[in-house]
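Engineer: Just so you know, the sequences run in chain order A and B. Heads up, the first sequence is in this note's numbering, so the first residue is 6 and it goes up one at a time. Heads up, the second sequence is in this note's numbering, so the first residue is 105 and it goes up one at a time.
Please note: incorrect hints may appear among the correct ones.
[Claimed, not checked] Residues from chain B that keep clear of chain A, each with C-beta distances beyond 12 Å, as calculated: (1) ALA131; (2) ARG151; (3) GLU175; (4) ALA197; (5) GLN198; (6) LYS211; (7) PRO235; (8) ASP262; (9) ARG277; (10) LYS327; (11) GLY339; (12) ASN362; (13) LYS429; (14) PRO452.
[Claimed, not checked] Calculated pairs, BS3-like style, for lysine-lysine (alpha carbon to alpha carbon, straight line, at most 30 Å): (15) LYS315/A <-> LYS271/B; (16) LYS377/B <-> LYS429/B; (17) LYS377/B <-> LYS212/A.
To be clear, the hints were calculated from the coordinates, so they are not data collected in a lab. Positions of the beta carbon are idealized from the N, C-alpha and C atoms, including for glycine.
Each chain, written out:
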Amino acid sequence: MVDMALSSAAERAAKRRKAQRLNRLTPYMFMAPAAVIMAIALLYPLAYMIWGSFRAWDPSQTIGEAEFVGLKNYVTLWDDPNFRESLSVTLRFAFFVVTFELVIGVGLALLLDRNIRGMSMLRTLFILPMMIAPVVVGLMWRYMYHPTVGTFNRTLEGLGLPTVDWLGQHALMSVIIADIWQWTPFIFILSLAALQSLPRSALEAAKIDGATTWQQIWYIKLPLMMPVLIVTGLLRLIDAFKVLEVILVMTEGGPGLSTEILALRISRTATEFRELGVAAAMSNYLLLLLLALTLGMFAFTRWQEVRAAKVRISAEEDT
Amino acid sequence: MPTIHLDNLIKRYGEVEVLHGIELEIADNEFTVLVGPSGCGKSTTLRMIAGLESVSDGEIWVGGEPVSHLEPKERDLAMVFQDYALYPHMNVAQNISFALRLQRRPKPEIDKKVREVAEVVGLTEFLHRKPGALSGGQRQRVAMARALAKDSGIFLFDEPLSNLDAKLRGQMRAELALMSQRVQKNMIYVTHDQIEAMTLADRIVVMHGGYIQQQGTPEALFKRPVNKFVAGFLGSPPMNFLNGEIEDRDGRAFVVGNGFALALEGEIAAAAKAHSRRSITLGVRPSDLRHDADASPDVALSLDVMVSEYVGAQSVLLCKCGDEKVMVELNSENRIALGQTLSFAVNPRGVHLFDRETEAAIH
Ligand SMILES: Nc1ncnc2c1ncn2[C@@H]1O[C@H](COP(=O)(O)OP(=O)(O)O)[C@@H](O)[C@H]1O
Ligand SMILES: [Mg+2]
Chain A
6 MVDMALSSAA
16 ERAAKRRKAQ
26 RLNRLTPYMF
36 MAPAAVIMAI
46 ALLYPLAYMI
56 WGSFRAWDPS
66 QTIGEAEFVG
76 LKNYVTLWDD
86 PNFRESLSVT
96 LRFAFFVVTF
106 ELVIGVGLAL
116 LLDRNIRGMS
126 MLRTLFILPM
136 MIAPVVVGLM
146 WRYMYHPTVG
156 TFNRTLEGLG
166 LPTVDWLGQH
176 ALMSVIIADI
186 WQWTPFIFIL
196 SLAALQSLPR
206 SALEAAKIDG
216 ATTWQQIWYI
226 KLPLMMPVLI
236 VTGLLRLIDA
246 FKVLEVILVM
256 TEGGPGLSTE
266 ILALRISRTA
276 TEFRELGVAA
286 AMSNYLLLLL
296 LALTLGMFAF
306 TRWQEVRAAK
316 VRISAEEDT
Chain B
105 MPTIHLDNLI
115 KRYGEVEVLH
125 GIELEIADNE
135 FTVLVGPSGC
145 GKSTTLRMIA
155 GLESVSDGEI
165 WVGGEPVSHL
175 EPKERDLAMV
185 FQDYALYPHM
195 NVAQNISFAL
205 RLQRRPKPEI
215 DKKVREVAEV
225 VGLTEFLHRK
235 PGALSGGQRQ
245 RVAMARALAK
255 DSGIFLFDEP
265 LSNLDAKLRG
275 QMRAELALMS
285 QRVQKNMIYV
295 THDQIEAMTL
305 ADRIVVMHGG
315 YIQQQGTPEA
325 LFKRPVNKFV
335 AGFLGSPPMN
345 FLNGEIEDRD
355 GRAFVVGNGF
365 ALALEGEIAA
375 AAKAHSRRSI
385 TLGVRPSDLR
395 HDADASPDVA
405 LSLDVMVSEY
415 VGAQSVLLCK
425 CGDEKVMVEL
435 NSENRIALGQ
445 TLSFAVNPRG
455 VHLFDRETEA
465 AIH
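Bound conformation, chain B alone (with noise of 0.2 Å):
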């Protein structure tokens, strides 16, 4: 399969630039996820990928070879549309056998193949129905069966899960997992859904405002996320992040906030000293956040409950630190009464800091 390289990428709409310079190398075999909030240019990237947009400046390679130039049939590539764009006047069979019909393929060929795929997704007792008799998340799977059995390199989904119910989505999402682990080809999938990034990726892009924020594995980047909003976007419940001063005592750095005075340990105790601006924003996902009534007042936080959120084995408790909104998720078996002061020992590897200027992490 091609390796795809998006260079220097850039779309204007008239005068509005809505892509700013997208870098992007994508290798053999990956499924990489574009994600980022509504508007961010994930589905224009996808659709310049397609052809179904102009490049207004900037090149495509795909396999070494400019594309920028060709029709999307030239292209070698299937899609998934967000609403399906199946062909309402053709029954599920038809829908998934067009390509190869426009192909001029032998017909044992192709009934073998749309037998072959309606098998795969689960539709071999619908081939005979119109799309409008099918439900939502059938549609769904005519749509991924019709990308499947064209047989392309490249695989482009914008979005196909965002039409379904919670429950159908999170099944759609484990399915999807599985076949693209079975069949191997470039996938570059779009959603604003941080879960979806996380679950299916091998390598997720973080974009926001046109621009690239940072891509990596889902692990590297949430562990080590490069600026505020990387850290802010992916994770749930999200990242807490309280304003705070660096002070050096006793040589030893310190983040000093409204209420809270954390020591800082190990690389991270240094990279703060070495920071030439003191003012920060201290980062700490709420499951890096532990009750412990004996934890020193330097390792820990102190916060006021104000709300639980039982949501099963785990809760979620919404608190105060000063003026400051702090999420802690916690085991359900420990009992929490409202209102109550706590301390929660902070876990010293879950420690980010971001220039407050800049958002950009300090590390």
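Just chain A, with the same shape it has in the complex (with noise of 0.2 Å):
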């Protein structure tokens, strides 16, 4: 009797292990169908094009037979004018795009932060253009600048001043001006979320302490929006390295070399040039460099945490 009731003892304790085991297990089983579409979707191509980075590969030929040359593709891209041009171009394209973006998205924030009738209405139109397929933005920038019957120069010359070659000698600035316009909002709307949800009083007892407008958005509101600014001019940042059907639709990378950013670069240098490992490894350029931004963010955020965290313990032990 007794050795019987121990033994369904052992029994239920060794079907409770298992249960458990599988239980612990459950999470896994339910993320490995997605893990497996992952791994073969992102890191097969990843390792591929690592891989086919080191070789001289022409197109006409399969990885296999392509020569090892080594890190000779990366070496070799630093003494091409052309690759150092396209860098620059895409470089300050980042660097204005993301800076007017900034300015003028949060300087639109400041001023629509109100409660008046049809604000909400304004705020809506104002987030349109994000919403516009990047091709469709892409032509209608080219209809609108077009040196003749675009809309700008004939404005231009209805009001009797001189014409402008947009797309001709200030390529590069039409094209931010029309990355600016298309997303500007993406920082409106973000900057606009941030002060919202300011403290309320805080701003109150900024007036009462006597700060003008200025100084409440200078000493205040901004310093309280930064970590979201940082975040969202990161964001921004990495998109804009990372563009390319706009500028494809406007002006294919021309005139010359002054619009052809990274990523037109590096399809063109697949397919006119056909250098599929010099292509590869400029790739890989851009993806370093955006694995950079993309950490760097992340460590941002995780500093706040941190921080806020450690604030928050320090504030505990004094109660």
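Mind assembling these two chains? They're in different frames, but the hints should get you there.
Structural biologist: Following this line, the structure appears as structure tokens:
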């Protein structure tokens, strides 16, 4: 009797342990299909690209036939003035679009952060550009920039002003303006959300302390929005380095190399110049840059969390 | 320091009027407390004085000048908010000195001032901490220090202690009372807590439903409330109310209700006789009832003791008189058995009568 009871108790315990192990494994089992797809869809091409970047590889060859050249593709790129020009165009493009988008987006948010009738309507209008497909944006702006029949030059002519050679002499500027038009709303809505979650009474205290509207913005609003602005800016920067469609449709990188951003250069290297290895090396440089930015962003948010937690702990110790 | 005059002040939010003609005169160096239940318009009044809310009608005069069109920063005032409203990205010293830095005062002067007020509120060790790293009480002190550093003529407080726990609140209340004696300023203090109002105020202004009910010294309001609301709002435990009729028995005025018949004496008897309506409410504070087994029934209430709450030296008895509940404050030395019916003598000077319809005091 006693024996049977004992053995059945042991059995039950074993069963329970088994069930528990199964329980612990469940989440991984659910994740497995996604993980497999990720591995195939993401890691395989990535590995393929890294592998290819060490070879002198022509599209007519399979990757196995291509000659292994070590780091040659990575090194020779720096002697190529076209690559350096393309990199510089990309950096200038990213710098200007992010700077202007931040200034205009935050400025608009500061201006429209008030409760007047019709304001929600206005806010909705402001975020429309962001929702248009990039190819459409490119086409739209190409027609507006058209030297003779485009909206801009016709308007300038109508006003009796000299016309501007938008997509010729000032191609980079024109492309930058189009990107600003499309992506300022992104900064705008995030800034507006940040503004509206600021502590209301701190702003009132600042008013009583004697801060003018500008001083409230400069000393209270902007510093308190800063974490949001940094993350938003980094997100935009990452995006700006990857921009392709709008420029492809508007200028195809020209005239000359004036708007040939890295993404375009990579595609041309692969298709026109038939140097897959070099294109892969270039992609990897871009990837490294984006990786650095992304890691920077994560590091920043993590640092903030840690700091907030530390502050909380020391406050609790005192009470 | 300037005198403040609220002249028929009205506030509307859209169609809704929330303040109906506030009339208030605040003298030099006075500690004025606006007190009333939540939603009665205290904060709105204070924020209009501060310039954070627009004035719908009427005028605010400060030192003889109309100010309702001025921005907050042009009004020479400091304010302590209920949630402290500290600048989260600045440390304590920067919080305290913000107003002075905006005024571009010389650095040595600012440093001196910061050290001075930090000393007053006991924050010297924490000058380099951010508000997030401070406890509730310390944040409260920072808010106080920031207001003090400004050296303005008018000090506004909007429920500054209500986010603190009970013990800290008592302690800060005492410190505030000390501070208000030291710094001679016009202080306007908003609270829903009648104990804070009674202990801090030179003058209490009781508000209810967007109207001022009564104003005066704490003692005056406690002893001679003008209506049932003020009588019931001030004092803890609150005043007991019993419905009754005024009756004339052999030339003496009596209040007769369910389970009692109390003879009135002196002035209040005359006022009751002269009053046109007979239906009244009798008000007696728990502290004006004294256990006296030998009291004659026409100067005493006979109460059924239901519950005794022991709170140290004093006990509060929860009793029943007819169908109404009555509280009695009693020295804990007196042992009272529950369930007894006892006789409690009424202090003749503690008898209040209110017209049952208008709720106005009869005196
Ligand atoms: N911004 C507002 N819009 C509409 N009604 C308001 C607003 N602010 C306050 N009120 C109303 O005004 C009345 C008084 O509010 P308040 O002054 O904050 O009361 P309290 O005495 O609790 O401080 C309340 O009934 C409140 O609902
Ligand atoms: Mg309030």
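Engineer: State for each hint whether it applies.
Structural biologist: Results for each hint:
A cut-off of 12 Å between C-beta atoms confirms that ALA131/B is not in contact with chain A; the least separation is 23 Å. For ARG151/B, the condition that its CB be more than 12 Å from all CB atoms of chain A is violated, with the nearest at approximately 8 Å. Distance to chain A contradicts GLU175/B as a non-interface residue, since its nearest Cβ pair spans about 7 Å, not more than 12 Å. The non-interface label for ALA197/B is consistent with chain A: the shortest C-beta to C-beta separation is roughly 15 Å, beyond 12 Å.
For GLN198/B, the non-interface assignment is contradicted: its Cβ lies about 10 Å from the closest Cβ of chain A, within the 12 Å cut-off. Every beta carbon of chain A lies more than 12 Å from that of LYS211/B, the smallest distance being close to 17 Å; the non-interface claim holds. Taking the minimum C-beta to C-beta distance to chain A, about 9 Å, the non-interface status of PRO235/B is violated against the 12 Å cut. A beta-carbon of chain A is positioned within 12 Å of the beta-carbon of ASP262/B; the least distance is around 9 Å.
The Cβ of ARG277/B lies farther than 12 Å from every Cβ of chain A, with a closest approach of about 19 Å, so its non-interface assignment holds. No beta-carbon of chain A comes within 12 Å of the beta-carbon of LYS327/B; the shortest separation is about 37 Å. Every beta carbon of chain A lies more than 12 Å from that of GLY339/B, the smallest distance being close to 32 Å; the non-interface claim holds. No beta-carbon of chain A is positioned within 12 Å of the beta-carbon of ASN362/B; the least distance is around 50 Å.
With a closest Cβ-Cβ approach of about 39 Å to chain A, LYS429/B is found to remain outside the 12 Å limit, as its non-interface label requires. At the 12 Å boundary, the C-beta of PRO452/B stays outside the reach of chain A, the nearest C-beta of that chain being 50 Å off. Distance restraint check for LYS315/A and LYS271/B: the Cα-Cα separation of roughly 27 Å lies within the 30 Å cut-off, and the hinted pair is therefore satisfied. Simply put, LYS377/B and LYS429/B have alpha-carbon atoms about 27 Å apart, close enough for the 30 Å limit, and the pair holds.
Restraint check for LYS377/B and LYS212/A: the C-alpha separation of about 57 Å exceeds 30 Å, so the hint is violated.
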